[in-house]
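> Chain P: place on chain X using the hints.
Residue numbers (my numbering), protein chains in the order written: chain X, 1 to 509; chain P, 1 to 509.
Just so you know, these hints were derived from the structure itself, not from any lab. Values in this document were obtained by computation on a predicted structure and should not be read as measured data. Heads up, some of the hints might be wrong.
One copy or any two copies: either way a pair holds, since identical chains are not told apart in the list.
Straight-line distance between alpha carbons at most 27 Å, and here's what the computed BS3-like set of lysine-lysine pairs gives [to be verified]: (1) Lys-85 / Lys-443; (2) Lys-151 / Lys-225; (3) Lys-366 / Lys-97; (4) Lys-101 / Lys-151; (5) Lys-443 / Lys-250; (6) Lys-97 / Lys-257; (7) Lys-284 / Lys-97; (8) Lys-26 / Lys-235; (9) Lys-37 / Lys-443; (10) Lys-443 / Lys-26; (11) Lys-417 / Lys-366; (12) Lys-85 / Lys-284; (13) Lys-253 / Lys-37; (14) Lys-250 / Lys-71; (15) Lys-101 / Lys-401; (16) Lys-287 / Lys-85; (17) Lys-101 / Lys-284; (18) Lys-417 / Lys-401; (19) Lys-253 / Lys-26; (20) Lys-250 / Lys-26; (21) Lys-26 / Lys-244; (22) Lys-417 / Lys-71; (23) Lys-85 / Lys-257; (24) Lys-253 / Lys-274; (25) Lys-287 / Lys-453.
Protein chains: 2
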Amino acid sequence: MEFKVLLRDLVGGSPNYFIVHPDYLKTLDVEPGLLIKIIDRNQGFRLMSSSIVPPTFAAISPEIAKHLRLKEGDVVECEEIGLEKYTRVVRRKMARKALNKQEITDFLDAIEYGYVADSHIATFGTAIEINSMNLTEVTDVAAGILEHSKKLTHKRSPIVDKHSIGGIAGNRITPIMIPIIAAAGLTIPKVSTRAITSPAGTSDALEVVMGVEFTLEETAQIVEKTNGCMVDGLKIGLGAVADKFLRVVKQVKIDPKEMMLASILSKKKAAGSKYVLIDLPTGKGSKLPQREDARQLASQFAALGSNLGLQIESIVSPGDTPIGTMIGPALEIKEGIQILEGQTSSLSLEKKAVSLSGIIFEMVGKANPGEGYNLAREILTSGKALDKFKEICEAQGGDPKIKSEDVQEARYTHVIKATTEDTIYSLDSYNVGLIARAAGAPKDKYSGLIIHKQRGDIVHEGDALITIWANSEHKIDEAIQIMETAPPYTMERMILEHIKAPREFKVDI
Amino acid sequence: MEFKVLLRDLVGGSPNYFIVHPDYLKTLDVEPGLLIKIIDRNQGFRLMSSSIVPPTFAAISPEIAKHLRLKEGDVVECEEIGLEKYTRVVRRKMARKALNKQEITDFLDAIEYGYVADSHIATFGTAIEINSMNLTEVTDVAAGILEHSKKLTHKRSPIVDKHSIGGIAGNRITPIMIPIIAAAGLTIPKVSTRAITSPAGTSDALEVVMGVEFTLEETAQIVEKTNGCMVDGLKIGLGAVADKFLRVVKQVKIDPKEMMLASILSKKKAAGSKYVLIDLPTGKGSKLPQREDARQLASQFAALGSNLGLQIESIVSPGDTPIGTMIGPALEIKEGIQILEGQTSSLSLEKKAVSLSGIIFEMVGKANPGEGYNLAREILTSGKALDKFKEICEAQGGDPKIKSEDVQEARYTHVIKATTEDTIYSLDSYNVGLIARAAGAPKDKYSGLIIHKQRGDIVHEGDALITIWANSEHKIDEAIQIMETAPPYTMERMILEHIKAPREFKVDI
Numbered sequence: 001m002e003f004k005v006l007l008r009d010l011v012g013g014s015p016n017y018f019i020v021h022p023d024y025l026k027t028l029d030v031e032p033g034l035l036i037k038i039i040d041r042n043q044g045f046r047l048m049s050s051s052i053v054p055p056t057f058a059a060i061s062p063e064i065a066k067h068l069r070l071k072e073g074d075v076v077e078c079e080e081i082g083l084e085k086y087t088r089v090v091r092r093k094m095a096r097k098a099l100n101k102q103e104i105t106d107f108l109d110a111i112e113y114g115y116v117a118d119s120h121i122a123t124f125g126t127a128i129e130i131n132s133m134n135l136t137e138v139t140d141v142a143a144g145i146l147e148h149s150k151k152l153t154h155k156r157s158p159i160v161d162k163h164s165i166g167g168i169a170g171n172r173i174t175p176i177m178i179p180i181i182a183a184a185g186l187t188i189p190k191v192s193t194r195a196i197t198s199p200a201g202t203s204d205a206l207e208v209v210m211g212v213e214f215t216l217e218e219t220a221q222i223v224e225k226t227n228g229c230m231v232d233g234l235k236i237g238l239g240a241v242a243d244k245f246l247r248v249v250k251q252v253k254i255d256p257k258e259m260m261l262a263s264i265l266s267k268k269k270a271a272g273s274k275y276v277l278i279d280l281p282t283g284k285g286s287k288l289p290q291r292e293d294a295r296q297l298a299s300q301f302a303a304l305g306s307n308l309g310l311q312i313e314s315i316v317s318p319g320d321t322p323i324g325t326m327i328g329p330a331l332e333i334k335e336g337i338q339i340l341e342g343q344t345s346s347l348s349l350e351k352k353a354v355s356l357s358g359i360i361f362e363m364v365g366k367a368n369p370g371e372g373y374n375l376a377r378e379i380l381t382s383g384k385a386l387d388k389f390k391e392i393c394e395a396q397g398g399d400p401k402i403k404s405e406d407v408q409e410a411r412y413t414h415v416i417k418a419t420t421e422d423t424i425y426s427l428d429s430y431n432v433g434l435i436a437r438a439a440g441a442p443k444d445k446y447s448g449l450i451i452h453k454q455r456g457d458i459v460h461e462g463d464a465l466i467t468i469w470a471n472s473e474h475k476i477d478e479a480i481q482i483m484e485t486a487p488p489y490t491m492e493r494m495i496l497e498h499i500k501a502p503r504e505f506k507v508d509i
Numbered sequence: 001m002e003f004k005v006l007l008r009d010l011v012g013g014s015p016n017y018f019i020v021h022p023d024y025l026k027t028l029d030v031e032p033g034l035l036i037k038i039i040d041r042n043q044g045f046r047l048m049s050s051s052i053v054p055p056t057f058a059a060i061s062p063e064i065a066k067h068l069r070l071k072e073g074d075v076v077e078c079e080e081i082g083l084e085k086y087t088r089v090v091r092r093k094m095a096r097k098a099l100n101k102q103e104i105t106d107f108l109d110a111i112e113y114g115y116v117a118d119s120h121i122a123t124f125g126t127a128i129e130i131n132s133m134n135l136t137e138v139t140d141v142a143a144g145i146l147e148h149s150k151k152l153t154h155k156r157s158p159i160v161d162k163h164s165i166g167g168i169a170g171n172r173i174t175p176i177m178i179p180i181i182a183a184a185g186l187t188i189p190k191v192s193t194r195a196i197t198s199p200a201g202t203s204d205a206l207e208v209v210m211g212v213e214f215t216l217e218e219t220a221q222i223v224e225k226t227n228g229c230m231v232d233g234l235k236i237g238l239g240a241v242a243d244k245f246l247r248v249v250k251q252v253k254i255d256p257k258e259m260m261l262a263s264i265l266s267k268k269k270a271a272g273s274k275y276v277l278i279d280l281p282t283g284k285g286s287k288l289p290q291r292e293d294a295r296q297l298a299s300q301f302a303a304l305g306s307n308l309g310l311q312i313e314s315i316v317s318p319g320d321t322p323i324g325t326m327i328g329p330a331l332e333i334k335e336g337i338q339i340l341e342g343q344t345s346s347l348s349l350e351k352k353a354v355s356l357s358g359i360i361f362e363m364v365g366k367a368n369p370g371e372g373y374n375l376a377r378e379i380l381t382s383g384k385a386l387d388k389f390k391e392i393c394e395a396q397g398g399d400p401k402i403k404s405e406d407v408q409e410a411r412y413t414h415v416i417k418a419t420t421e422d423t424i425y426s427l428d429s430y431n432v433g434l435i436a437r438a439a440g441a442p443k444d445k446y447s448g449l450i451i452h453k454q455r456g457d458i459v460h461e462g463d464a465l466i467t468i469w470a471n472s473e474h475k476i477d478e479a480i481q482i483m484e485t486a487p488p489y490t491m492e493r494m495i496l497e498h499i500k501a502p503r504e505f506k507v508d509i
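Same shape as in the complex, but just chain X (with noise of 0.2 Å):
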C-alpha cells in the first residue's frame, strides 16, 4: 500500500499515527487500527482514518517524518507488520518457557521500532512479572538495550555509580554523594529520573538549582570538565527502548523485576561505569518490605552485573522511614546543600550518603578497607564537597553561588502540632509521601513539608511536628485532609491487642 505524505500533526500524544481517509483505507481493504511500517524503514505505525485527509494521503507528525527524513508530498510505501513473530515470543513466556536471545532481541526491536502496540508490550510485561526470566534470559534482555543505546565515553578511569531502587520520600542522597566522590578523582556520570509516584525524584529536586536535561554530547561535556554529572535520563536517552517497555507497563502498574534489572545496570553500562554501587531501601512502605527481597535482588544484581563486566555491590537500607528530614523538590535540594555547606540539617541523610560514598571508595581502591568513610567524611567536611557541587552547578547552568538559604519557598505553610503528649512509635515514608504530593510535590517544586520530629522522640502538645508547604491554601488543606487516611506518625500504644473470650466459647469443667 502507497500513501503520500501530509505533515499534519492531527493528533498529538500518539505520534506513530498514520491517518488515512476511510475512503481510502477500504480501497486498499484494511482495517483502522491495522500495524504497518514503511518497508525499508525501522518505524512501526498504526493506522487510523480521518474524512478530514484527502484520499491517498496519510497525514504524519512532523516531529517522526522529521526524524525519518521525510518531506510533505513524498509517497511511501507500507506493508502490514507481521504480528505473529513477537505474539509467539509472548505466548512461549506465558507457557513459562525460557525465552532465547533470538526471542528477546525480536521483541526488543519491536519495543523501539514501534511496531508492536502497547497491548502487545503489556501482555509481554504481565508474563514476564508472573513466570519471570532467568539469569540468562535477564542477561540477553540488558545485552539487547544497550545493543540498542546510544553510549557515553570517558577518557579517565574508574568511572562509578550508584543507584537507589526508587520511590520513597526523602533518600536525596544524590546531590551530596556524586560531588564527594567527584571531588575525590572518581569519575561519576550519574543518570537520575523524575518522580512517578514519590514527591520528588532526583532530577526535580536538582532542577531548581541547574539545569538536568542535556544531550549526550554536552553530558559528555560536563564529565570531561567536573568528574561528575547529575542528569536527567530522558534527554540523554541511554537505554531508551527500556523507558519504552516500563512506560506502558507503568500504565498498567506492574513492574517486572527482570525489566528492572536489565534496564538498570544496561544503562549504567551504556554511561560507561564499571563499579556500581546499588541502595536497596527496605521496610513497610518500600519495594522491598522484606530484607529477605532486598538480599536475594542483591545477589541477582551481582550475578547479572557480572554478565555485563560490571563489578556490582548493594547496601539493604532503611526504606520504611524517610531518611532527609526535608521533602519535595525544592526542600530536598535545600537540605542537600545545607549538608554540603556544614549545616547538620538531617544526621541520617548526611551519614548515608557519607556511607555510601566511602564504599565506593573502597570499591575502586581509592581508600583501604575500613578507611572509605573517614576519606568521605574528610571530603564533605573539608567543604571539597560543596565546591564539587558548584562547579557541577555551573557546568549544568546553574548559579555556582548558590546557597542553601537562596533555594525559594512555598507561599503557605500550615504546621501539625502534637495533641497529647507521647512516644512517637513510627514514622511512614509512605503515607508522608503522599502528604507531600497533595501539597503539590513533585508538580509544585516549591511544596512539601518538613518533618520535625522522629522515631523514638518524646512528643508534648503543641510540640510542632511536620510543616506543611504549598502554593495555594487549598492545597494546604488537601494536605492536611489526606493525613486522616494516611497519618504520618503513629504513637507508641501499650496495649497492642485486647482479645476477650467469644461469647459462645465454653470451658469444658
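Just chain P now, with coordinates in the frame of chain X:
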C-alpha cells in the same frame, strides 16, 4: 475539567477519543493519554491533543455523542478515571488470588464503559490465561456479562441451542441442524460469528444466501415466526461486554479459556436458551489437541451451565480432518443446502448434523433415548428441514426458492492432482484452512476449495485431490504456493523412521 463539545470525526476507528487543543491540556495541567469520564455518564474517554481543535473545545465522534445525547456546544464536566481499583484487580489475579464478585463486576464495568485502556484489558487477560479462574469466578464473570446484556425472550419452550468450539475448516453443521430442530417444533435462536482464523464463519457462509445482521427486536420476530434463526452476533449485541474483552485479547493472540466459557454460556442464557449442546472438535490443528482437554472442557461447561441454570451436554468430535468437503463461505452453504436437498454431498457432515440434532431431541424429551437420530434423519429426508431452511431464509431476507445450484461460484479453478499412486494417510484441517484463506476466503465469499479425496482413499497418478476456487489467477497461485509449507494431505509411508547406529557406537565384546 470542562469542555465544550465539538462534533467532529477527527479520528475514526477509536471512537472514544476526546481531542483537545494541546495548550488547553496544559492549562488543565493534564497529560495526553489520560483516561477521563464525563461526570454522571458511564463512558470513558482517552484525552488526546490536536492543534486543530479550538481551545476549551473537545472534538468527539458524532456517533458516540449521539449515543450519549450530547450536541455541539454542550458543556461537559469531566474527571480523571481512578485506575487504581482496576489495576488492583489485575495484580490480585497476577498473584494467583481468586477474584471476588465485586472485583469482577468492577472490571467488567470498566470494560463496558471504556474506563480502562486496551493495555489494561490485555494485562487482565494475560493474568487470567496464566493463572486461571475457579468455577465461582467464572460464574461471576458470566453473571456479570449477562447483567450488562440485552436479552431475547420467547413465547414458546423449550429453547435449545448448539455451539461448536470453532476455528476449524469445514464444520458447517448449523445450516443443517437449525432447520431440523426448528422443524421438529423446538425453538433454537442460533447466534453465530464470522471467521477470525478459519476460512469461513457460520455468518460468512449464511450471508451468501440470506441476511444475518439483525437487531434484537428483528431477531425476536424471526424466531417468533419460524421457531429458529441463524443470525450474526455483532449487531444483536448479546453479551457485548465479552466481545469488547475478546476483541483486545485476540489482538494480542491470547484466549483465556475461562473467559471463553463465560462468554459462550452467558450469551446462550441471554438468548433465552435452557438446553445447550456443545460440540468439541478435538485433535491436531484444533483448539483441543488432546481428547482429555475436550473432556475437561466438557465438565467445565456442565458445571458453569448448572450454576447459570442451563442444562449442558457436550460431544467430543473429530477436529483434525475437515467434516465437509467444500471449504469457503459460498461453497460451505452450497454443500449445506445440497444435504438439505437430499444430495449426499458429504456423508460425514450430514451424519454429524443429524447426530447432534438427535441428541438435542433426546435432551428435551422430544425423542426417547436412542431414537433422536432417527427422528432427525426423518425430518431431513422428508424435506421438512429444507422447507424450514427456506422459511428461515425468507424471514432473514433471502430467496425462499433458493437452490444449491443457484449459489454463485468463483471465476477461476485449479485442480491439484496426485503425482503417484498412494494411500492417503491423513487430511489436515488446519492446512486446508490456510489454503482456502490463501485463495481469498472468507473476504472473497466465493473462493475456497473442494476436497475430492478423503483419509484412507487410494489415489492414482492424475487423480483430482483438491480443486481451488478463486477470483483471480494470482490468488490461485498464492493457494498453490502455501501448499508447499502447509500440505493438505500426508501419504501413507511404510518406513516411519530409519534408526542407524551412530558412528562412535561401540559394542563391548
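> Compare the structure with each hint and give your call.
Comparing the hints with the structure gives:
Taking the shortest alpha-carbon separations for Lys-85 and Lys-443, only the inter-copy value of 24 Å comes in at or below 27 Å, while the best intra-copy value is 41 Å. In the homo-oligomer, the alpha carbons of Lys-151 and Lys-225 lie at most 27 Å apart inside one protomer (18 Å), although the nearest pairing across protomers, at 74 Å, exceeds that limit. In this assembly of identical chains, the alpha carbons of Lys-366 and Lys-97 never lie at most 27 Å apart, being 44 Å within a copy and 50 Å across copies at closest. Proximity of Lys-101 and Lys-151 under a CA criterion of 27 Å is satisfied intra-copy only: 22 Å inside one chain copy versus 51 Å between copies.
Within a single copy, Lys-443 and Lys-250 get their C-alpha atoms as close as 19 Å, which meets the 27 Å cut-off; across copies the closest is 39 Å, which misses it. Within a single copy, Lys-97 and Lys-257 get their C-alpha atoms as close as 17 Å, and across copies as close as 20 Å, so both meet the 27 Å cut-off. Proximity of Lys-284 and Lys-97 under a CA criterion of 27 Å is satisfied inter-copy only: 22 Å between copies versus 33 Å inside one chain copy. For the identical chains of this complex, Lys-26 and Lys-235 are inter-copy neighbours only, at 21 Å across copies versus 40 Å inside a copy, given an alpha-carbon limit of 27 Å.
For a Cα distance limit of 27 Å, the shortest separation of Lys-37 from Lys-443 across copies, 23 Å, qualifies, whereas the shortest one inside one copy, 37 Å, does not. Taking the closest pair of Cα atoms, Lys-443 and Lys-26 come within 27 Å of each other only across two copies (13 Å); inside a single copy the shortest separation is 45 Å, beyond that limit. Taking the closest pair of Cα atoms, Lys-417 and Lys-366 never come within 27 Å of each other, the shortest separation being 47 Å inside a single copy and 81 Å across copies. When the C-alpha separation of Lys-85 and Lys-284 is checked against a cutoff of 27 Å, the pair qualifies only between copies, where the shortest distance is 21 Å, while the shortest distance within a copy is 41 Å.
Taking identical chains as interchangeable, the C-alpha atoms of Lys-253 and Lys-37 lie at most 27 Å apart only when they sit on different chains, with a minimum of 20 Å there against 29 Å within one chain. Taking the shortest alpha-carbon separations for Lys-250 and Lys-71, neither the intra-copy value of 34 Å nor the inter-copy value of 36 Å comes in at or below 27 Å. Taking identical chains as interchangeable, the C-alpha atoms of Lys-101 and Lys-401 are never at most 27 Å apart, the minima being 51 Å within one chain and 61 Å between chains. Taking the shortest alpha-carbon separations for Lys-287 and Lys-85, only the inter-copy value of 20 Å comes in at or below 27 Å, while the best intra-copy value is 34 Å.
Taking the closest pair of Cα atoms, Lys-101 and Lys-284 never come within 27 Å of each other, the shortest separation being 37 Å inside a single copy and 29 Å across copies. Taking the closest pair of Cα atoms, Lys-417 and Lys-401 never come within 27 Å of each other, the shortest separation being 36 Å inside a single copy and 89 Å across copies. In this assembly of identical chains, the alpha carbons of Lys-253 and Lys-26 lie at most 27 Å apart only when taken from different copies (24 Å versus 37 Å within one copy). Taking CA atoms no more than 27 Å apart as the test, Lys-250 paired with Lys-26 passes between copies only; the shortest distance there is 22 Å, against 36 Å inside one copy.
Taking the shortest Cα distances, Lys-26 and Lys-244 sit within 27 Å of each other only across copies (23 Å), while inside one copy they are farther apart (32 Å). Taking identical chains as interchangeable, the C-alpha atoms of Lys-417 and Lys-71 are never at most 27 Å apart, the minima being 63 Å within one chain and 52 Å between chains. In this homomeric assembly, Lys-85 and Lys-257 come within 27 Å of each other (Cα to Cα) both inside a single copy, at 24 Å, and across copies, at 22 Å. Within a single copy, Lys-253 and Lys-274 get their C-alpha atoms no closer than 32 Å, and across copies no closer than 41 Å, so neither meets the 27 Å cut-off.
When the C-alpha separation of Lys-287 and Lys-453 is checked against a cutoff of 27 Å, the pair qualifies only within one copy, where the shortest distance is 24 Å, while the shortest distance between copies is 64 Å.
In the structure shown, a violation is registered for the earlier hints numbered 3, 11, 14, 15, 17, 18, 22, 24, in ascending order.
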